[in-house]
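Chains as they are written, first to last, in our numbering: chain A, 269 to 411; chain B, 5 to 151.
Treat the hints loosely; a few may be bogus.
[What the hints assert, rightly or not] Beta-carbon label-pair distances, calculated as ranges: (1) 331(A) / 105(B): 16 to 26 Å; (2) 149(B) / 331(A): 18 to 28 Å; (3) 285(A) / 42(B): 25 to 35 Å; (4) 386(A) / 64(B): 25 to 35 Å; (5) 367(A) / 44(B): 25 to 35 Å; (6) 128(B) / 385(A): 12 to 22 Å; (7) 269(A) / 78(B): 18 to 28 Å; (8) 78(B) / 306(A): 23 to 33 Å; (9) 63(B) / 358(A): 15 to 25 Å; (10) 285(A) / 44(B): 22 to 32 Å; (11) 272(A) / 51(B): 24 to 34 Å; (12) 356(A) / 81(B): 15 to 25 Å; (13) 81(B) / 359(A): 22 to 32 Å; (14) 57(B) / 359(A): 38 to 48 Å.
[As the list claims (entries may be wrong)] Only pairs whose alpha carbons sit at most 25 Å apart, straight line, appear in this in silico BS3-like list of lysine-lysine: (15) 274(A) / 385(A); (16) 122(B) / 289(A); (17) 369(A) / 122(B); (18) 369(A) / 289(A); (19) 22(B) / 397(A); (20) 369(A) / 385(A); (21) 288(A) / 409(A); (22) 22(B) / 100(B); (23) 122(B) / 22(B); (24) 289(A) / 274(A); (25) 409(A) / 289(A); (26) 369(A) / 22(B); (27) 385(A) / 309(A); (28) 309(A) / 137(B); (29) 385(A) / 87(B); (30) 309(A) / 276(A); (31) 122(B) / 385(A); (32) 288(A) / 122(B); (33) 274(A) / 326(A).
Note that these hints are calculated values from the structure, not bench results. Using N, Cα and C, we set each Cβ at its ideal position, and we do this for glycine too.
In case you want the letters, here they are:
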Amino acid sequence: MSLSGKDKATVKAFWAIASKKGDEIGAEAMGRLLHVYPQTKTYFSHWTDLSIGSAPVKNHGKIVIGGLSDAVANIDDLLGGLLTLSELHAFQLRVDPTNFKILSHNILVVLAIMFPKEFTPEVHLSMDKFFAAVALALSDKYR
Amino acid sequence: MVEWTAEERSIISEIFSKLDYDDVGPKCLSRCLIVYPWTQRYFGGFGNLYNAEAILSNPMIAAHGITVLHGLDRALNNMDDIKNTYTQLSELHSEKLHVDPTNFTLLADCLTIVIAAKMGTNFTPDMQAAWQKFLSVVVSALGRQYH
Numbered sequence: 269m270s271l272s273g274k275d276k277a278t279v280k281a282f283w284a285i286a287s288k289k290g291d292e293i294g295a296e297a298m299g300r301l302l303h304v305y306p307q308t309k310t311y312f313s314h315w316t317d318l319s320i321g322s323a324p325v326k327n328h329g330k331i332v333i334g335g336l337s338d339a340v341a342n343i344d345d346l347l348g349g350l351l352t353l354s355e356l357h358a359f360q361l362r363v364d365p366t367n368f369k370i371l372s373h374n375i376l377v378v379l380a381i382m383f384p385k386e387f388t389p390e391v392h393l394s395m396d397k398f399f400a401a402v403a404l405a406l407s408d409k410y411r
Numbered sequence: 005m006v007e008w009t010a011e012e013r014s015i016i017s018e019i020f021s022k023l024d025y026d027d028v029g030p031k032c033l034s035r036c037l038i039v040y041p042w043t044q045r046y047f048g049g050f051g052n053l054y055n056a057e058a059i060l061s062n063p064m065i066a067a068h069g070i071t072v073l074h075g076l077d078r079a080l081n082n083m084d085d086i087k088n089t090y091t092q093l094s095e096l097h098s099e100k101l102h103v104d105p106t107n108f109t110l111l112a113d114c115l116t117i118v119i120a121a122k123m124g125t126n127f128t129p130d131m132q133a134a135w136q137k138f139l140s141v142v143v144s145a146l147g148r149q150y151h
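One chain only, chain B, in its complex shape (with noise of 0.2 Å):
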């Protein structure tokens, strides 16, 4: 089971309590299918993406990326249990979805990105830290129905 200190939970509350999924969501998506572009082969049904300013302003995008965000919601919830929690989820991106658990990690490190710049130095080393070991939690928990 993974250790969370008073201080990591403390950390992982603030910035959620903070987050503005409306804003976060959409420019966490757009960013990753930019800066990985092969990260656009799941978003076939999903209209124009053909350059990042067509990316950036696709409201199927923004929508499925503010879904995605709140998807994180059940691991603030049960931060005991995160393993567990994504299950059902891991299932379907494995069965259904067939998304290779490497884009997890590059959805996450550009998730870490949009908040480090909204944050500013508010984002701090010990910050990042929290949120980066909570984020390779969700990752790993999201990996583990593939076989």
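For reference, chain A alone in the conformation it holds in the complex (with noise of 0.2 Å):
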């Protein structure tokens, strides 16, 4: 299910007037995530506080959205693009690549929240596209 022109232009369009909340979706999604999943808390047991709103929580949705930015950014090419972050995720944090579809769900459940005008049906089509190969991206290393 590749990217076509009309999703690579969807999403880049989207993520421009999404990601100026970028901060605000990394915290929810994330907080979403451990909350309503919390068998993803498992790869958090290093983490003092794994509550929604919590430092550490909001800390890395920062750093989730990034990384997504980082991959709309090379869009053209995610494996070439994301090459480091999949190393990273095949060698050392070997997130099983089902939660990637779970953050993914998340991540969409709060753009729905957060952009409910914006984020119709072809949007949500383009983005969920997007999540698929972005997660096949960085699991492209794992065996």
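Since each chain sits alone in its own frame, please combine them into the complex, following the hints.
Spelled out as structure tokens, the structure:
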């Protein structure tokens, strides 16, 4: 399910609007990930505070959204552009790829909450495809 | 049996009490058909599904979206035995409609997103957790009669 020219244009246009609230999106999505899918907490046992709105959660949300902005900038070559992040996830973090889908879902929920008008079905479609493509790039080196 | 806390029951009731079926039903089903186009395979007799605009303005899809959404009412009214509440609907989806049960989750995800868009920040993480638990129990019940 590769990204068409239309998908890429849609993602870039929507992200230009959404990324202005990037920190908020990241914090909300991370908070919901840990709260609604408690099994994801297993990756963060080194944090002192896993609650919604806590400093580590907000900070990590920022990092993740930053990574997604990088991905948007490299949308024409995700495998190449996300190489370092891909190696990080494969050899150090080793996050099970199922969790990429879960985080994607939570980001989509937050986008719907924060941008109800702009997050049309067509934008939803392209963003969902984009997150799937990013997940594929991030798990590229897993095996 | 699925255990529901008092808070979860309250959250589910609250969401349903505010639910505008005539708006959410069509939005949910059409979003599913647009975001996951392969789901259109089950709607061959529903007229023009050629593009997003066609799907969004298709009256047959809108009507069916409302029907499907009302299908959740029986779960709301039987929260302590959702499993058996869906026996007949599960058989229908398996034996007559031949719907891949994976699609139930796709539709559930679209419903969650439509409700999130409507409720905005009122759709708190606690509400999302309870709502998704509710939907996953319904999805599981709908898949029980497949063999």
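Report task. Take a quick look at whether residue 369(A) and residue 289(A) sit within 25 Å of each other, Cα to Cα. Result -> 22 Å, holds
Check: Does the structure keep residue 369(A) and residue 22(B) at a Cα separation of 25 Å or less?
Finding: The hint is violated at about 29 Å.
query: Is residue 385(A) within 25 Å of residue 87(B), Cα to Cα?
result: Roughly 36 Å between the alpha carbons, so the hint for residue 385(A) and residue 87(B) is violated.
25 Å limit on alpha-carbon distance, applied to hinted pair residue 309(A) and residue 276(A):
Status violated; Cα separation ~32 Å.
Hint consistency between residue 309(A) and residue 137(B) [alpha-carbon to alpha-carbon, up to 25 Å] | 18 Å, holds
* Asked: Taken at face value, is the distance from the CA of residue 385(A) to the CA of residue 274(A) at most 25 Å?
  -> 19 Å, holds
Original post:
When you check the alpha-carbon spacing of residue 22(B) and residue 397(A), does it fall within 25 Å?
Top reply: Cα-Cα ~31 Å, so violated.
Checking one constraint from the list: CA of residue 122(B) to CA of residue 22(B), max 25 Å. Satisfied? 10 Å, holds
**Prompt:** Is it true that the CA of residue 369(A) sits at most 25 Å from the CA of residue 122(B)?
**Reply:** 23 Å, holds
Measuring from beta carbon to beta carbon, are residue 81(B) and residue 359(A) in 22 to 32 Å? Violated - the Cβ-Cβ distance for residue 81(B) and residue 359(A), about 51 Å, lies outside 22 to 32 Å.
Q. Does the alpha-carbon distance linking residue 289(A) and residue 274(A) stay inside the 25 Å limit?
A. 24 Å, holds
query = Given the proposed pairing of residue 274(A) with residue 326(A), does the C-alpha separation stay at or below 25 Å?
reply = 32 Å, violated
Consistency with the previously given hints fails for numbers 1, 2, 7, 9, 12, 13, 19, 21, 22, 25, 26, 27, 29, 30, 33, ordered from lowest to highest.
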